[in-house]
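There are 2 protein chains.
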Amino acid sequence: MTDRASKESNDENKAAKEQATKEFTSFVQDKGLIWGPEPEIYGGLAGFYTYGPMGKLLKNKVENSVRRIFQSNELWELEGPTIMPDIVWKASGHLDTFNDPIIYTKDKKESYRADKLLEEKGIKIDKFDDTFLLELIKKHKIKSPNGKELELNIERQSLMLKTKVAGTEASMRPETATVTYLPFPRFFNFFRRQLPIGVFQIGKAYRNEISPRQSVIRGREFTQAEGQLFLDPLKKNNWEKYNSIKELKLPFWTKEQQKEGKDPIDITIKQAIDKNHVKSQAYVWCLWLAYNQFVSMGIPAERIRLRQHLDDEKAFYADDAWDIEIKLNSLGWTECCGVHDRTDYDLKQHSKFSGQKLEAIRENGERFVPHVLEIAFGTDRPTYALIDLFYEKKSEEEGKTVFKIPYHMAPVDVSIFPLMKKTELIEVAEQVKKEIEKFYVVDYDLTGSIGRRYLRSATVGTPFAITIDYDSLEKKDVTLRDRDSEKQIRVKISELLDTLRKLINSQISFEKAGSSVK
Amino acid sequence: MTDRASKESNDENKAAKEQATKEFTSFVQDKGLIWGPEPEIYGGLAGFYTYGPMGKLLKNKVENSVRRIFQSNELWELEGPTIMPDIVWKASGHLDTFNDPIIYTKDKKESYRADKLLEEKGIKIDKFDDTFLLELIKKHKIKSPNGKELELNIERQSLMLKTKVAGTEASMRPETATVTYLPFPRFFNFFRRQLPIGVFQIGKAYRNEISPRQSVIRGREFTQAEGQLFLDPLKKNNWEKYNSIKELKLPFWTKEQQKEGKDPIDITIKQAIDKNHVKSQAYVWCLWLAYNQFVSMGIPAERIRLRQHLDDEKAFYADDAWDIEIKLNSLGWTECCGVHDRTDYDLKQHSKFSGQKLEAIRENGERFVPHVLEIAFGTDRPTYALIDLFYEKKSEEEGKTVFKIPYHMAPVDVSIFPLMKKTELIEVAEQVKKEIEKFYVVDYDLTGSIGRRYLRSATVGTPFAITIDYDSLEKKDVTLRDRDSEKQIRVKISELLDTLRKLINSQISFEKAGSSVK
Chain A
1 MTDRASKESN DENKAAKEQA TKEFTSFVQD KGLIWGPEPE IYGGLAGFYT
51 YGPMGKLLKN KVENSVRRIF QSNELWELEG PTIMPDIVWK ASGHLDTFND
101 PIIYTKDKKE SYRADKLLEE KGIKIDKFDD TFLLELIKKH KIKSPNGKEL
151 ELNIERQSLM LKTKVAGTEA SMRPETATVT YLPFPRFFNF FRRQLPIGVF
201 QIGKAYRNEI SPRQSVIRGR EFTQAEGQLF LDPLKKNNWE KYNSIKELKL
251 PFWTKEQQKE GKDPIDITIK QAIDKNHVKS QAYVWCLWLA YNQFVSMGIP
301 AERIRLRQHL DDEKAFYADD AWDIEIKLNS LGWTECCGVH DRTDYDLKQH
351 SKFSGQKLEA IRENGERFVP HVLEIAFGTD RPTYALIDLF YEKKSEEEGK
401 TVFKIPYHMA PVDVSIFPLM KKTELIEVAE QVKKEIEKFY VVDYDLTGSI
451 GRRYLRSATV GTPFAITIDY DSLEKKDVTL RDRDSEKQIR VKISELLDTL
501 RKLINSQISF EKAGSSVK
Chain B
1001 MTDRASKESN DENKAAKEQA TKEFTSFVQD KGLIWGPEPE IYGGLAGFYT
1051 YGPMGKLLKN KVENSVRRIF QSNELWELEG PTIMPDIVWK ASGHLDTFND
1101 PIIYTKDKKE SYRADKLLEE KGIKIDKFDD TFLLELIKKH KIKSPNGKEL
1151 ELNIERQSLM LKTKVAGTEA SMRPETATVT YLPFPRFFNF FRRQLPIGVF
1201 QIGKAYRNEI SPRQSVIRGR EFTQAEGQLF LDPLKKNNWE KYNSIKELKL
1251 PFWTKEQQKE GKDPIDITIK QAIDKNHVKS QAYVWCLWLA YNQFVSMGIP
1301 AERIRLRQHL DDEKAFYADD AWDIEIKLNS LGWTECCGVH DRTDYDLKQH
1351 SKFSGQKLEA IRENGERFVP HVLEIAFGTD RPTYALIDLF YEKKSEEEGK
1401 TVFKIPYHMA PVDVSIFPLM KKTELIEVAE QVKKEIEKFY VVDYDLTGSI
1451 GRRYLRSATV GTPFAITIDY DSLEKKDVTL RDRDSEKQIR VKISELLDTL
1501 RKLINSQISF EKAGSSVK
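Keeping their order, the protein sequence lines are chains A and B.
Under the working numbering, the first sequence has 510 at position 510, and the numbering climbs by one with no breaks.
Under the working numbering, the second sequence has 1415 at position 415, and the numbering climbs by one with no breaks.
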């Protein structure tokens, strides 16, 4: 290819990519998934979003999946405050160390994260140290994204959002972990003073990011889901639940593989332990649990990898540390979860600052501070990931744009359509609706041609559509339509709920769920 | 009775009441329901709480009930930010008018809400005006609760919690309503520009209360659930859904009845309209929907009343305004919900401040600003109400303390107990657990005598307990025990899930759900 031809081809690629991004953004907004940054009518403040009716139903599905998986693995949900007085954040270390390296332009009008400016130029950062960052910026003659000169000075900006409650200095939580550790004496008693104890929280957290972007992927307000496992450090390698999972394969990507430019490979959990990629059975069980969370939400396994932290990446308190990454169509591999061995760091800190003993007792009477293994992720990123991965844009010749989300994760479970706006059809349709909405999310839609309604229903990913027609009045049955195959069957109204349950849980095939329709 | 005897009897009553309060508080803490104020280990900051494992499961049940009821009435959930820049709160009126009248002690060491000090002395406040409040305080020679002289001056303290996001002054939302109104253009389009449109939000809100108290009844951080109905004001009395509810009776307590010292009476919704107690069909439908929310959560109907606001109580924007009150054992009649006709106040304000048109169009082409009917309540109070109403303390002779919460609202649905810690029993129990926890919250408990485990299960309100014994291995069945009747039946493992579903939805009687156990 000549240079010119190559440039034209690049331009075409770029234009096609921009067009695709534009179409995806329209889909996300028009289908009621995600809106913002809010307040949109006032021009918007970066990093704050609204989930629309379809987005919120999807996020609820994600959060309920998280609840079910944690709960079945004997982690119990708590709900703690999102604001705490600053003594708590002093103890946790956030007040002193939770900040970003900021660099200003010479005219002081713009500010950026120094490390992000380097990363965006493809410059590898080996050390997260301000002097080192500044040297890299000098060396590579980095300017601001719109070409302005930078002031060669790095300031630290706290990520904590501050407030004041009745005169007391306080901050909004930047994660849920700390607030989960605080009532340790309470839940230690509730669980009859026996370790291990598993708890989790799903709730809002806040970070005063300098330049939030990429929709809800990096917001200033976001929802965290964090599991915390309290255990005896002596039992980390005597972990009962390890035995039932050790033969399972996971896509491990060790720090050595990363350094050598190799791809992750699927090895058994036992191999990962034997080869010392992970230090303990309990830790690798947490890694398996975290992976299981994403698979249960419907993220395809081939889009997930477990990436070990490089040595200089680890938080100061973390012993073992791995991330779970998901490969998005729009953004490539994206960090979606961190699993950390936090040791006894947090309980010791809060014990020191509060003067309260935060301990457990071994059978032999020894007192010790439990260790904490943490599974930390958010629910915004998987929600976004499900939209990103299952949105299928078709060109006009190919047909309609659809949302091929796995059936169990669809925002709406069932659409109900009376064929026409006639009292006798509406009456039956409303009875059907009343029965089904006790268990499922229903969209009841009266307007437009039936074909148009099927299309609308498929575009937001609804797996099944029920149509009530004149035959329904006589034969007490309805047409059930499958989103993906577009096949239709007739099902008795009296068996509808049971049939839907089996279909949504993939217990029967669609064709066998009713009588066929020509 | 002599004075002395009467005093002794009063003292006894007081002591008994204090003892009961103490026992209730222990129940709430020890059974993992509500802990705080947090951070407890640091001494606590008033108004911030943690829901423990049982409390959070109960709160989830409450919130899922709210979702189901709103959704089946075609209100769709949104999730908006909890922080917005101050321009939004200027427009909504909160920044200027959302504050409390504060009075200090002469030594400036304590501060109180002036109106609350008067109310606590049983003094009726006719006018919420600072000069008037101060006159009442002078007239009745009110002192601080611990007897200090008050400084005769009232200051206004804002209830808004302030923060700063990347240099922008911002506040945390004191309700969810405002944040629900902001994306009006987005959801107006999503719902195909047709009114009525119903949306709701469940999420955190914050108020810098001067003296929060009564556990989660008045917290500084709390969860709101607010439904918003956007409609054409010309259709308020031409409301289709009114016809299906007009013959239902509700416990209306009009302002006239209140003034005359009369009790509320059950009248039909139609009578309430005909007698002009409520102004519109659409408004009374919202009142019915709000009432329905509390009944669906399991609050007994006889504990609920609808109280009309007195003329001087209404918010400045509210047209019709009624509260829903619940009679608690601990606190008496307690406000749990407000239903307001907010007219076009909010959309007009945000339109004015943002410069954006927030309008709908009639079929004849007329443009108009939709009116908003609001159903505003929290999920903390009903959660607390369910604990308060269904906690049954028994004296030691009478037997055990139980939590007689309606089955569909119980924190845990089913307990699973292998009779003994034997591998073969555990294996079957784990299979049973795996199947049931796909749909229900399970507590799997291995330790203690079976009687002790039944007791623990009943104390936290779990409706059913499954025991796997040696007969289970052979006959593939289990013992199912009912919380309230303490009866036991045998059920085939293959039919267990179906049986539980029918029992929890009250579709069969317990005795008929399996074969009897002698």
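Careful, some of the hints might be misleading.
[Stated by the list, open to error] The calculated SDA-like cross-link candidates involving lysine to any residue, where the alpha carbons are at most 25 Å apart (straight line), are: (1) A:K422 / B:K1246; (2) A:K348 / B:P1037; (3) B:K1116 / B:F1128; (4) B:K1327 / B:E1427; (5) A:K109 / B:H1094; (6) B:K1241 / A:F439; (7) B:K1404 / A:R186; (8) B:K1421 / A:D232; (9) A:K246 / A:Q257; (10) B:K1108 / A:E169; (11) A:K357 / B:A1046; (12) A:K502 / B:L1248; (13) A:K433 / A:K487; (14) B:K1246 / B:R1213; (15) A:K90 / B:P1037; (16) A:K421 / B:I1361; (17) B:K1241 / A:L473; (18) B:K1127 / B:E1313; (19) A:K246 / B:E1435; (20) B:K1162 / A:Q224; (21) A:K204 / B:E1435; (22) A:K404 / B:R1192; (23) B:K1204 / A:R186; (24) B:K1259 / B:I1273; (25) A:K400 / A:Q29; (26) A:K433 / B:S1065; (27) A:K241 / B:E1427; (28) B:K1204 / A:H94; (29) A:K433 / B:V1295; (30) A:K139 / A:I154; (31) B:K1246 / A:T105; (32) B:K1352 / A:P37; (33) B:K1357 / B:P1233; (34) A:K433 / B:L1248; (35) A:K502 / B:E1435; (36) B:K1138 / B:K1148; (37) A:K438 / B:K1162; (38) B:K1090 / A:G167.
Quick caveat, the hints were computed from the structure, so don't treat them as lab data.
Treat the numbers as computed from the prediction; the structure is a model and nothing was measured.
Compare the structure with the hints numbered earlier in the document and write down the numbers of the violated ones, lowest to highest. Checked against the structure, the hints that fail are numbers 4, 5, 12, 14, 21, 31, 37, while the rest are satisfied.
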